[in-house]
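Since the structure of chain C is already known, use the hints to place chain G on it.
For the protein sequence lines, the chains are C and G, in the order given.
Under the working numbering, think of the first position of the first sequence as 1, with each following residue one higher.
Under the working numbering, think of the first position of the second sequence as 1, with each following residue one higher.
There may be inaccurate statements among the hints.
Which copy? The list can't say, so a pair holds if one copy fits it or any two copies do.
[Stated by the list, open to error] Below, a list of computed lysine-lysine pairs in the DSS-like style, where the Cα atoms sit at most 27 Å apart: (1) Lys-223 - Lys-248; (2) Lys-344 - Lys-209; (3) Lys-132 - Lys-344; (4) Lys-276 - Lys-132; (5) Lys-209 - Lys-322; (6) Lys-209 - Lys-10; (7) Lys-276 - Lys-121; (8) Lys-133 - Lys-250; (9) Lys-133 - Lys-248; (10) Lys-370 - Lys-169; (11) Lys-170 - Lys-276; (12) Lys-323 - Lys-385; (13) Lys-264 - Lys-170; (14) Lys-250 - Lys-132; (15) Lys-125 - Lys-383; (16) Lys-370 - Lys-351; (17) Lys-344 - Lys-169.
These are calculated hints, taken from the structure and not from any lab test.
Number of protein chains: 2
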Amino acid sequence: MISFDEAFDKVMQHTQDWGIETVDLLESTGRVLAEPVLADRDFPPFDRSTRDGIAINFTAIEKGRSTFPIEGVLSAGMPQKTLSSSEFCCEIMTGAVVPQNADTVIMYEQTTLENGNAIVKSIPKKGQNIHKKGSDASTGTVLLQPDRRITAAEIGVLATVGKSSVSVKKLPKVCVISTGNELVDVSEIPLPHQIRKSNTLSLHAALSKECIVPELLHLADDKKVIQDSITKVLQENDVILLSGGVSKGKFDFIPEVMESLGVKKIFHRVAQRPGKPFWFGVQKEHNTQVFSFPGNPVSTFANYHVYFVPWLYRCLGLNYPKKEVILDQVVLNDLPLTRFVQVKTYLEKGKLFAKPIEDGGSGDLASLSKSDGFVCLRPRQQKYKKGELVSYIPA
Amino acid sequence: MISFDEAFDKVMQHTQDWGIETVDLLESTGRVLAEPVLADRDFPPFDRSTRDGIAINFTAIEKGRSTFPIEGVLSAGMPQKTLSSSEFCCEIMTGAVVPQNADTVIMYEQTTLENGNAIVKSIPKKGQNIHKKGSDASTGTVLLQPDRRITAAEIGVLATVGKSSVSVKKLPKVCVISTGNELVDVSEIPLPHQIRKSNTLSLHAALSKECIVPELLHLADDKKVIQDSITKVLQENDVILLSGGVSKGKFDFIPEVMESLGVKKIFHRVAQRPGKPFWFGVQKEHNTQVFSFPGNPVSTFANYHVYFVPWLYRCLGLNYPKKEVILDQVVLNDLPLTRFVQVKTYLEKGKLFAKPIEDGGSGDLASLSKSDGFVCLRPRQQKYKKGELVSYIPA
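Only chain C is shown next, with the shape it has when bound in the complex:
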C-alpha cells in the first residue's frame, strides 16, 4: 500500500497525448484550444464611432466654428466616406467608420439639428468617441494562447478573426466498465439481494463535463468473460475506468486479469479513505491507462475527481488549479490514511468555507448530491481545526 501523495504522483507521471483535430467553431465549446489565435487584422479594423451623433474635424472647432452643414448620414456597414471639408459634418451612427478628414465625434445629445445644420452646444475634446483602429490589437497580435478551455468568450474571439473551424486537443476514447453480479440495469426491478447500476451512469455524466462520451459496459464476475471483454476494450480505448472487482474478495478478478493481458500494475491499494483498493495500470502496447476504482459509489466518485480529472487536465495541457478552502468545523483524522471528506462549500464575505457532509460511509450515494467536492485531510495526530485551510477537490 502506498501513500496518497505517492499514488497521485505516479498517476501524473503516466500522461498521454491524443493529438489534435479540427472541429467546427460551434462544436469547439468546452474543448481545449490547440493553436494560438492571432488577430487577422487590426481591431477595431477602422476608426469606429462609439456614439450616435456627428463626425467633425477638430480644427474647425479650434477656429471657433460651431455650426456645421450636414453632408450625409453614415451608418455601420457603410464604406468609409470623406468629409469634403472641415467646415462640414456627417451624421454618424455607433459602429460606423469615421470619415476621412474627420477626427472627433459629438453625440446627438450635445448638438441641435436645424435646417440641415448641426449646432454644437459645447466644446468637445479632440478625438473623443472614436475607438481607434488597432487600439485593441494590431494585426498578428496573439489574442488567445493555446492550452485553454474554449468558453463563450473565446468563441467570440474565434468568430471575430474568422475561425470557422478550430484546432483543438483530441479527447481520449474512454470505456467505463462496471463489474459485480449484484448489479442490474436501471430499468429493472432488483431482487432483494441485487442493486441497480449507478456508478457507470454517474461517470458518464461526469465525463460529459469534459466533452467525453464514454462507452458503457457491464461485466459479470467471471474471469473468462472479463478477460475476453477487456482484451477488446484495451485495443479500442485510450482509457478504461472500472468500478468494482479490485478488493481482496475471491471474485475480484480485475488485477489478475489486467496483468494477464499485459497491463502493468503501477500500484494497487492506496492509504486513503474512501477508495483504498484503487488499482492503476498501464498497457504499453496501445498506451491504454486503466483506472480501476473500488465499486462503492463514493469511492468511485472520489477517485474519479481526485485522480482522473487532474490527470486528464494534465494530458490536455490544462492547468488544474490548486484550491484551498476554510474548514467550518473540527475534523479528526488520526488514522494512517488520507481522508477525502465530502463537503459543501459556501462563500461568505469573500471567504470560501467547507462544511463537512454527514455520510453513511462509502455506500451512501445520496450524500454525494449534498456535497460539491472533497477536502483532502492527510493523517495527523492533531485535529484539523475550525478555520484551518485545507486543500479542496471540486466534484
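Coordinates of chain G only, in the frame set by chain C:
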C-alpha cells in the same frame, strides 16, 4: 433611463414557466429536476458486508469461541443464505448480503484460514463491518428535492432508484438575433468597413451551459425585413435575445418594430456601463420575453450574465446564489452609472479575490477571455477600496 436595481427587479418580475417534460436518464444531465426522488426501497436494501472476510454470530464470540468452520462463500449478487448455527461462519465478500443468523463481519486480515476453519485473531466489535439495511434511507425517504440541477451525483441517485427517465423542467425556445449591416459571416473575408458576427456565436456557446440550443438569425438594418422576421420569431419562441439596433441611431429600429408588433416595452436604457441601451419587453399574446442588448460584444456579454442568467434560473426554480468577492485594487466609479467591471477571480488562502481586467472599452472582445465575470459597482463618490467586498457575477 432607470437604475440598474430597478431594471433588474423589472426583469425578475417577468418570469415564465415552460412546464415539465420527461427525458431519458442520461439526457437529464445539466437539466433541472422537476420531481421529488424517493427511495423505492431501503438503502442499503439488505444488511451489506463492507469488507471481505467472514460473517459470524457475535454470541459465539461472547461464549469464547474463536474457531469457526466455514460453511460457504457469499459474494455480492447471491441471494441471502442462513448461517446454520452460531458455531459456523461464512466467508463473505464486500457488497454481499449478510446471512441470516449472522450479525458481525471480520475482515480476512484479522483471521487465519486453516483446514476449512477460520480462526479469529482478535475480538471483534458486535455488528462491525455491516452497512445496515435502511441505514442510509428507508423506503419512501425523499433523496432529492426538485428544483435542483442534475449533475453526476444526482444521476447516481436517480439510477439507484430506477429512474430510467426523469421529469425535468422544460427549457425555453430561444432565438438569438444579430442586427447590423456591418456584420458578415465568420467564414467570410470582411471588407475594410465590415466585421464578422461574434455575439450570436458567443451567446450560442453561453446558452449551451444551460442545455439550450438556440436558433441563430441575422437581420439587416431594414425596418421591413426586421418586422417580417420578428413577427415569425415571436410566434415560435419563448425568448428572443437580440444584439444591436437599440441605440439612438437612425437605423436602430428594434424598439419601434417591437412595439409595433405588440411587444410591450418594460424599459429602455439603464444607468449602467457597459450595456446602457438595453431594451426589455414582453409580448403578452405568446408570452415571449425580448432581451434586446446593445451590439458591442462586452455589452451583450455583460447583460446576458447580469440579467438573462439570473432570470432563467428563477424561471426554472433554481437558486441563483449571491456572491461577494474581495477587490484586489482600488476602483473609482463616481459616474451616475452602475459599472460592471470585468475581473479575473483567484482563490488565495481561502479568500476569493477579484482582479480588474484592463479593457479597451465595450468593443474589446478579447478582454472577455481574460476575465471570468464582472463585479457590480454602484455609483458613489468614495473609491471602492482594495480589500472591499463587492458583488460578483460569474460569466
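Cross-check of the supplied hints:
1. Lys-223 - Lys-248: For Lys-223 and Lys-248, the Cα distance is within 27 Å only inside one copy (15 Å; across copies 74 Å).
2. Lys-344 - Lys-209: both (20 Å within a copy, 22 Å between copies)
3. Lys-132 - Lys-344: between (48 Å within a copy, 26 Å between copies)
4. Lys-276 - Lys-132: The answer is between: 21 Å across copies meets 27 Å, while 61 Å in one copy does not.
5. Lys-209 - Lys-322: both (19 Å within a copy, 24 Å between copies)
6. Lys-209 - Lys-10: within (25 Å within a copy, 34 Å between copies)
7. Lys-276 - Lys-121: Only across copies: Lys-276 and Lys-121 sit 23 Å apart there, 77 Å inside one copy, limit 27 Å.
8. Lys-133 - Lys-250: Between copies only: 24 Å across chains, 73 Å inside a chain, cut-off 27 Å.
9. Lys-133 - Lys-248: between (69 Å within a copy, 23 Å between copies)
10. Lys-370 - Lys-169: For Lys-370 and Lys-169, the Cα distance is within 27 Å only across copies (20 Å; inside one copy 33 Å).
11. Lys-170 - Lys-276: neither (31 Å within a copy, 41 Å between copies)
12. Lys-323 - Lys-385: both (18 Å within a copy, 25 Å between copies)
13. Lys-264 - Lys-170: The answer is within: 25 Å in one copy meets 27 Å, while 48 Å across copies does not.
14. Lys-250 - Lys-132: between (74 Å within a copy, 23 Å between copies)
15. Lys-125 - Lys-383: between (64 Å within a copy, 25 Å between copies)
16. Lys-370 - Lys-351: Answer is both: 20 Å inside a copy and 23 Å across each meet the 27 Å cutoff.
17. Lys-344 - Lys-169: Between copies only: 25 Å across, 32 Å inside.
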